[in-house]
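S.K.: One-letter residues, chain by chain:
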Amino acid sequence: MRLITLHRKYLLNKINIIVIIFLLLMAIFLAFSVIEPFTDQYSRWTNRLAIEENYEQSYLTFTKIILVIFSCYLFGIAFGKNGDSYAIIITCTINKTKYFITKIISLWLIFTFISLYFLVNYHIIGFIFNDWHIIKMATIKKFVDLYLVSLIYGFLSIILMRLFNSPYTIILTIGLYLASEIILEASPSMLAKGINIFFPTTYNAKDGLTLLYGKLHLIVLGLSYLLLSYATYLKKE
Amino acid sequence: MLQLIVDNLTKKYKNKTIIQNASFILTSEKYNFFIGENGTGKSTMIKCILGEVKYEGLIDKNNLNIAYAPEQLILPEYITVYNFLKLLGLTKNHQKQNIDDDINYYLKCFDILEYRNRLIHQLSKGTKQKILLIQTFMSEADIYLFDEPLGGLDEESRKHFLNELRRLKRKNKLIIICTHYLEEYHFKAKTIINFPIRGNI
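Protein chains in written order, with the numbering used here: chain A, 1 to 237; chain B, 1 to 201.
Here chain B stands alone, though its shape is the one from the complex (with noise of 0.2 Å):
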């Protein structure tokens, strides 16, 4: 079983306190929300975790790797769909044996397949959703940390984003999923961290 423990956080910037003292253990045997509303220290709390912040306090993820599926993000413009999830997979390490069929696994799964030798600044908002979170599946990592990933979505794309959740449950990935909508997902065993974090969870 995976764990990540976050013990007494406190995330300042400046004077203001986004997160006091949040202490939770997350683990790979349920799946793990952040939800409350915005300006709640959800997405600190993910920059701490990556650890793109400083913050007082201990966050142990026992070295495991993260995956990170940001809600937005800019994409390079002049790149095949392709050319670009083969060179962030293998910079990441991906099995190069194994690349040209996940990519073709994943495209076809979120049902853009017929993009993969467009130039990414050709694709719509939605898809360049379905890239980012490709990229995510296709990292070899031990915790999986999305962000709104069902935001741009259809509801073929939600059914199988929530397919490929599963997959990775199974596999005893860690998964943790910083949502606004936890009533899309109709997971039984479900850890939920509410937002505005003060003391112990």
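Chain A on its own, in the form it takes in the complex (with noise of 0.2 Å):
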């Protein structure tokens, strides 16, 4: 637990700490944009279900862009050659599984905390505006894809950071991450089926965001990237 504790207590850096709060304040302006609030009454009633549904969409959509380049930045940074030097103090007497699981579930932590925000921050403005908001499970479901995908990147972010050991392995992996979506939204072809297996995102069917291949796929290679990202962590000087 005091592991846990100074770990996040580096991570809540100066730079962090502002990346932190300006996102809590696009997830609001976010809402806020999507949410139409300045139209008249009468014509948000009358079109009050395709008000909700763009509403829904339109925030998923932006929320899942935040997430991942969030993730990718937030575990990337903290195994980057800065993020990562106090290491040297503390693994001379903790051992390195022990230095390594405390601090993804510092970064785990924090990344909850943000998507968590996210999620709340939705319903609260939807509650604000829309009289005929309610919580639906289907999308909190949708929500834990976004996360789920998320994290997958940052687990990929950290293993790419290890590997090249330059913060410039965020943006590749920010690449990554909008080849796939790109690729896919073009037209689910051999090749984006391909790329999602290793590279996953979801994609707007009929009944919104959905991912290609379900949930299970993602908390099996979620844990295939964390445990390549534990490897690298040992393996590289």
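Among the hints, a few may not be true.
Claimed, not checked - Distance ranges between label pairs, derived from CB positions:
1) B:Q72 with A:L223: 34 to 44 Å
2) B:N21 with A:L223: 26 to 36 Å
3) A:Q57 with B:G39: 34 to 44 Å
Claimed, not checked - Below are the DSS-like pairs computed for lysine-lysine, each with C-alpha atoms no more than 25 Å apart in a straight line:
4) B:K125 with B:K86
5) A:K96 with B:K61
6) A:K235 with B:K61
These are calculated hints, taken from the structure and not from any lab test.
We put the beta carbon where it would ideally sit given N, CA and C, even for glycine.
From these two lone chains plus the hints, build me the complex, please.
M.R.: Encoded structure:
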């Protein structure tokens, strides 16, 4: 627990706090901009289904991109040259596995807090401006999908950071995600399906954002990437 | 007597050999120094001893614990000096009942007791350097490894630092200091490892 607190203190430095505050404000701005708050009440009531659907679709799409980028940044930077420099005073006393696991837990806690905030913000703004807004299980499940996808890119970001030891790998990871997103959005071809095995994303189906291979695939891939990131952490100097 | 044995150690980065066939024994009976120009492999040797990099050859630490004070280190910004030292100390298995006394002792010793409740980001470079030294002295270890410890210290703090080294030595701890300024250490019993190392010493 103490080591988790220590990691958290290191992770919440000035830059990361600014990034997090920016994200929190952005989530509010995002929700405002897609809920159309200044349209007159009559027309809002008449088009309530379309407004609600648009609110959900747009908010989820933006959330997906923001969470993936944030995850790549947070996990990548934490295992970068500066972000992990303090390991040297810890791992001479405590074993590296314990250090790695506690650091992952600290990152996961911060990331989960931000993801939950996006979900709560979605409902709060929804309840304030749309009288007909309700909490739907289907929407929460979609949030969980996005959360898992983002975590996977976070783990991938650690692997690439450990392999290349450069902050540019964060951009590379984001690039891989965007490429996968664009290819899948253009057409669900064999290539897109192949890419999605290793670089998963969601696509817009009839009932909103959907995964190509389901949650189990995300969990297995996430655990594989986590193990790989652990292996690169131990092996790479 | 504690011993650290380095036997036939070679370290290469890609094709460049940094340390070649180095062999030496460091003991707790003497103060041990790594000296040499920049880029001669002192820091690499420290990383080898800490187990941070792979190498060819052998380093026999006899399962001894190491406490390390790097020359520079990024410290967490939004935590007070006291909380940081306490958190780090407890993380490194410092005895809970003594920790407050130890923190106060070292803060007083290095003349930064007034900064006890200050956030670390408000401190000067020299004060941060002192915190790095304090966290090392507070560690329950057998080997104490210091990288350029006198760098950011004023005259008074240097004296306190040297006194603390003497205290560790009396407790039979193995002390290794990596430095450019050997003349600052007025100890009689010294083992000096001169870098670059090529072969036995």
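S.K.: Each of the hints needs a verdict: does it hold here or not?
M.R.: Hints versus structure:
no.: 1; hint: B:Q72 with A:L223: 34 to 44 Å; in the structure: 37 Å, holds
no.: 2; hint: B:N21 with A:L223: 26 to 36 Å; in the structure: 43 Å, violated
no.: 3; hint: A:Q57 with B:G39: 34 to 44 Å; in the structure: 57 Å, violated
no.: 4; hint: B:K125 with B:K86; in the structure: 20 Å, holds
no.: 5; hint: A:K96 with B:K61; in the structure: 17 Å, holds
no.: 6; hint: A:K235 with B:K61; in the structure: 21 Å, holds
Checked against the numbered hints above, the structure breaks hints 2 and 3 and satisfies the rest.
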